[in-house]
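If you read the sequences in order, they're chains A and B.
Oh and the first sequence: position 98 is 98 in our numbering, straight run, nothing missing.
Here our numbering runs 1000 ahead of the position in the second sequence, where the first position is 1.
Calculated from the structure, these hints are not laboratory results.
One should not assume that every hint holds.
To be verified - No farther apart than 35 Å at their CA atoms in a straight line, the calculated lysine-lysine pairs in the DSBU-like style are these:
| no. | chain 1 | residue 1 | chain 2 | residue 2 |
| --- | --- | --- | --- | --- |
| 1 | A | 71 | B | 1019 |
| 2 | B | 1040 | B | 1022 |
| 3 | A | 5 | A | 68 |
| 4 | B | 1022 | B | 1036 |
| 5 | A | 107 | B | 1041 |
| 6 | B | 1041 | A | 38 |
| 7 | A | 38 | A | 56 |
| 8 | B | 1036 | A | 71 |
Here is how the chains run, residue by residue.
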Amino acid sequence: DQQVKQNSPSLSVQEGRISILNCDYTNSMFDYFLWYKKYPAEGPTFLISISSIKDKNEDGRFTVFLNKSAKHLSLHIVPSQPGDSAVYFCAASGKSGGGADGLTFGKGTHLIIQP
Amino acid sequence: DTAVSQTPKYLVTQMGNDKSIKCEQNLGHDTMYWYKQDSKKFLKIMFSYNNKELIINETVPNRFSPKSPDKAHLNLHINSLELGDSAVYFCASSQLAGVVNIQYFGAGTRLSVL
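Could you put the whole structure together from the sequences, leaning on the hints where they help?
As structure tokens, this is what we get:
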């Protein structure tokens, strides 16, 4: 049972344009959502997070939007750069601190930035 | 200096063998985790350890046993390896004092069981 879904296995975007990666979830108990970026042969690295009580969080070129009623979040990268080419994982956490929850991950979207 | 390091990076072994994967973190975090990424690319939590105490054990076969000699280390022992154990195993750590549980990952250990 996939509680976090990333329905696009891959996405190709031209350099300088906006990249939009989508994520859907089914468990309304999730209270934090995180995006991770992964290069081949490396571990996932944390990018940005958002609390379930917020609808937007911005950090430089990265913005995450959360639509709680639709159980949908998206990661916007603008402008897209060649170094952004990687696999992006959406993840969810069930508790806000105090509990050593494992993160629930989506399957990932492979973002390819075309020069 | 690598924050979360795992050894070995690659492990090729025969079915039925026993093997260990080591993990160390130098971030001063109080919680460590093991994840498995299978052939379908899903990253799934296996265990977490907080102050030497097992917190989660997600329906993992008891052939898998985490061992934490101290809070900077969480090793994974696997007995009687099976073909289906072939996967990439990631170690991670986090500090639960924060509001959001940001986990920091090692580079992974690719295990191939022949």
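To see whether the hints hold, each was checked on the structure:
1. A:71 to B:1019: Answer violated: residue 71 (chain A) to residue 1019 (chain B) is near 41 Å, above 35 Å.
2. B:1040 to B:1022: With Cα atoms ~24 Å apart, residue 1040 (chain B) and residue 1022 (chain B) stay inside 35 Å; holds.
3. A:5 to A:68: holds, 15 Å
4. B:1022 to B:1036: With a Cα-Cα distance of about 14 Å, the restraint between residue 1022 (chain B) and residue 1036 (chain B) holds, given a limit of 35 Å.
5. A:107 to B:1041: OK: residue 107 (chain A) and residue 1041 (chain B) at ~6 Å, within 35 Å.
6. B:1041 to A:38: Holds, at about 12 Å.
7. A:38 to A:56: holds, 23 Å
8. B:1036 to A:71: holds, 26 Å
Violation of the numbered hints given earlier is confined to hint 1; every other hint is satisfied by the structure.
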